[in-house]
Each structure stands twice: as structure tokens, then as C-alpha cells.
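> Take the given structure of chain A and dock chain B with the ligand to it, following the hints.
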Amino acid sequence: MDRIMQEKIQLIGPRSVEDIRSDFPILDRTVNGKPLAYLDNAATSQKPRLVLDAIRVYYEHGNANVHRALHTLGEEATAAYEEARGKVQRFLSARTSREIIFTRGTTEAINLVASSWADTNLSRGDVVLTTEMEHHSNLVPWQLACARRGCTLRFIPLAPDGTLDMAEAERSWDPRTRLVAVTYVSNVLGTVNDVKSIAAMAHRRGAVVLVDGAQAVPHMRVDVQDLDCDFFAFSGHKVYAPMGIGALYGKEKILDAIPPWMGGGEMIRSVSLEGSTWNDLPWKFEAGTPNVEGAVGLSAAIDYIHTLGLSSIGKREGELAAYARERLSGVRALTQYGAAPRRSGVFPFNLGDIHAHDVAQFLDREGIAVRAGHHCAQPLARKLGVPATVRASLSFYNTFSEIDRLVDALDGALRFYA
Amino acid sequence: MSAFDELYQEIIMDHYRSPRGAAKLDHVPQAMAHENPTCGDSIKLEVVVGAGGRLERVRFDGHGCAISTASASLMTESMHGLSVADARERADTFIKALRGEIPASVLDEMGDLAAFKGLTSFPVRVKCATLAWHALLVSLPRVTTPGA
Ligand SMILES: Cc1ncc(COP(=O)(O)O)c(C=O)c1O
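The listed protein sequences correspond, in order, to chains A and B. Add 1060 to the 1-based position in the first sequence for this note's numbering, that's all there is to it. Add 402 to the 1-based position in the second sequence for this note's numbering, that's all there is to it.
Here chain A stands alone, though its shape is the one from the complex (with noise of 0.2 Å):
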């Protein structure tokens, strides 16, 4: 059967791979006068019309503010606003929605960890403890507290495999060690860490834990109260919602003790000329008018991935992997990075001495989008010992033969830069 027939009759769960790709309207689009295959997923994911149509939906027919319309309009934006954050709090298997609140982002998620907690919980001489894999947003807003606060930046070290050396990271534990920050899955990589021990290894020791989910949450199930985590931060965009929405867990006691990150409309109880009261949990932490839209989009595009289902996403992800990386050993020159027996489906190369932009400009000429670059990570980039890496990242509604052109293309890269 030739391969076309095949991807005809691929199925993630009942549905067939193609009938899913007609659910993204962008996917039908050409580059360069070539079918666009975006293979750029771990930078942003594409959206599937179900989540175009409901914040469109959301516009057209019930947009007003939030908490604060005592009209039609207003009471259903607050519903569908407080129904997605329900929708948030089931997806990462929280105990409440209380604990569950709103952000642009991981980015954002992460500062407000970073702002609340550590000007309440660290004081001079103590350790927050991230690792060498780290986005540059689970480590800058790190490096900013520990200067504010007085304390040290310590770093989980990469073992050669790239993953985390966690035996190292025992021998070395620092008792003034008050947080630990880590991704559940590299940007970079894909490791996937193991996050669980980690929270229980940091809990003996009397350390909160911060999960950076970003690359988690697309893949695989998360649940918060199994991992036991103190904090767990991911971003909208990488999960088929839209930009500009994100959340952030956080179990409620420790919420509960912190204050409130930016002040502003409603985060208040009362506010008199002197001083304020704060709103209840997750209002507390959500200054402003909301990104309701976002919300809207985002809890459409939790409803999207139930319907395809988890486990059927993560198998067909699996196999996709599987094939790129048996397809890309193959390629002549080609160096890849990572090796950890868990990984999700992101292939760092090099190929040959072609800078990694020149490799994208010349895939983005075939019409394949990949990443270059150090990809917000240049302490890893650094310690892999190249500066920039091509970062091809896949997503459930990728194919094989999109796989044989990034080879093909590649191919044809190492022939132009000869």
C-alpha cells in the first residue's frame, strides 16, 4: 500500500487522519507554492475551527465584561468566563476551580510564583533550586526573585543523555532549599521528567514544587493532585487555543497565604482611599478585565481534545515520533540531540556545519516550518555545546509524508549548502 492510501486510513481514535487535519483551516494553506506542513508545534500549536467558531461565537452573540454587568450579556460572559475555568480545573484533575487562575500564559503564571510566593516565602541565604533545561521563563523570573530576595540560583544538572542527573541532585540537595522549578517536558529536548518523584523528593525536604507544563499539557493527561505539585503553570496557544490565555495551579493554601501579584479591578473586596480587602480565590490574582475570549477559546479547545481523545492523541504522537526519528537517523550529516528514554515528539539536528537558520530558510522554501535557534533556552544550548539547533516539533495531526519531506528537504539542504 503506497503511503498515501495509508495516511488515508490513519485514524486517531474513530476519525481518520485526514478528516482531523480538515478540522484546522490553516492546514490547507501553501508556502512558497508548496502544502504547508508545520512541523513548529511546540512553538505554538494551529487551531482547530471548533475553537475559531466559539470565540467568534462568543463576540458576535455574548460579549460583555465579566462580574460586574448586572445585564443578560454580562451574566452569560461571566458564565462562560467561570465555565472555563471549571473546564481548566477538570483538565489538569484539580481539586477546585479555586484553584485554578487565569494568566497570558506559562510566562505570566510563572512570575506571579515568582512575585507572590518568593516575596512571602524566601529570605536571605535561601536556595531555589531549578534545573540546566529550563525555558528562559522558568528561570529569568527565578534569577530576578533570588536577586529581590537575597538568595541563590541553584541548577539540577543535565546528565549526557539529557536527562535530569537526579541522583546528583540529592547528593548536592542545600537544606535552605525552599522551591523547586521544573519543566514536566523539555522545549528543547522532550525529555519528559519525572516530575512526580521530583515533587516527592522536594515534599521530604520540606521544598514547594513549580511544574512548568507547557509541553506537557498538549500530549499527555496531567494530573495535578497525582503529581502532588505545589504549582503547575501552562500556556493556551501550545494546546490549540488561542493566544494570550493560560493558567496557572496552584493548591489553594498556599494561594490562600499569598497576596495579591498586580492590583487593580476585580481582585478587590474594598478598597477605601487607605487600603483595600481582596477578593476571594482565584479572583484574588486576576487584576483587570479578563481575556474572556481567550477563556472561551481555550475551554473549546479542551472540549477538542476530549473529543479526539488523550490516550488516542498520544498514541498516534507516539507513532509519529517514532517514524521521524527512525526517518532522521537515516539522514546523511544529520546530528540529533537527546537521547532520554522518555521523550515527547521534538527532534533537535544539526545538520552537518549548515547553520541551523539556513536549514530553516531552506525547509521553509519547501514549505516545512521548523524552529531555529536556542529556542529561549541558551543555558541548555550552551551546555549541548551548540548555539543553535533546528527544532522540528510534531503534533497529532502531522503525517508520515510530511516526515518524508522534511527528509527529502533535507536532503536537498545539505546538496544547496555543499
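It should be emphasised that the hints constitute simulated quantities derived from the structure, not laboratory data. It is possible that part of the hints are untrue.
To be verified - List time: in silico SDA-like cross-link candidates among lysine to any residue, alpha-carbon distance up to 20 Å: (1) Lys1094/A to Lys529/B; (2) Lys1311/A to Gly1378/A; (3) Lys529/B to Ile1414/A; (4) Lys1094/A to Ser523/B.
All values derive from a computational prediction rather than experimental measurement.
Then chain B with the ligand, alone, in the frame of chain A:
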């Protein structure tokens, strides 16, 4: 010509494959290197000004993409014999033209550098093409005059 072909013109590919003015500049301290953190490219320059106050030799040491390598190579060629003031003006004009601050047509009067006109449709790559030129602007005030 496609935008890609405009970018990777023959002349650029030629300077990428056999860069002029490329050298090992181990005597230039790494602290003097100019970097583009978005792609990790780094370049060191050696600028030698002759007795008459003109640029006698410009060499570069660095590793980068085709665009930044070709740009550094073409720069070393285009600087030969210029006065320090003219060199600075040339670098300034080149950078401004690529950034779109002045019309790209000025590149037509700059010989082979006209090959970079195609870059204006790739704003992300402007930093690659201007890296060596920024490095030059920084190096010029600290030029070494032989015998000085
Ligand atoms: C692992 C990881 N953490 C954090 C982020 C930051 O997400 P955002 O830019 O949506 O806040 C990203 C996305 O680039 C990421 O991959």
C-alpha cells in the same frame, strides 16, 4: 526569482563557500567578540589602519550562517582603502538600508553589497547580515596603527 533565491544569491553563496578575509584571530581576545545571541553567532575582527589613515586590512574570525558569513566576507572586501570616517559611514549606510531606515536602493551604489537587497523581505535575517558591520563600528575607534 523566489524570495529564497533573492536571499541566497550566487554571489552570497560564493562568499559563504569561500569567505574572503576569514582568518584565525587568536590574538584578538574573546571579550572583543561581537555576538548575536538569537543564533549564537559570534565574530571577532581585526582592523589594520595604514600610515595614511586608510583601512589596510580587515579580517574576521567567526562562525555563522551563510548570510552572516557572506556579509562579513563582502565587508572585508568593501572596506579596503577607505578612510576610517568613510568606513564608518559605509557601515552605517549598510545597516540603515537593511533595517529599512533608508531606501534599500542605496545598496545599488555599493557594488556587490547590492546582493543583500533581497534580505529586506526577511526581517529576521537582518541581524545575521549586520553582525559583522556592527562589530566593525565598535572596532573602528580602537583601530591600531602599525608602529603606534
Ligand atoms: C517549556 C516551556 N516553558 C515556558 C514557555 C513559555 O510559554 P509562553 O511564552 O506561552 O508564556 C514555553 C514556550 O515557549 C515552553 O516551551
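> Taking only the CA atoms, is the gap from Lys1094/A to Lys529/B under or equal to 20 Å?
Answer violated: Lys1094/A to Lys529/B is near 27 Å, above 20 Å.
> Please verify whether Lys1094/A and Ser523/B have alpha carbons no more than 20 Å apart.
Distance ~19 Å between Lys1094/A and Ser523/B Cα, so the pair holds.
> Please work out if Lys1311/A and Gly1378/A have their alpha carbons no farther apart than 20 Å.
violated (32 Å)
> Tell me if the straight-line CA distance from Lys529/B to Ile1414/A falls inside 20 Å.
holds (18 Å)
Of the hints listed earlier, those the structure fails to meet are numbers 1, 2, in rising order.
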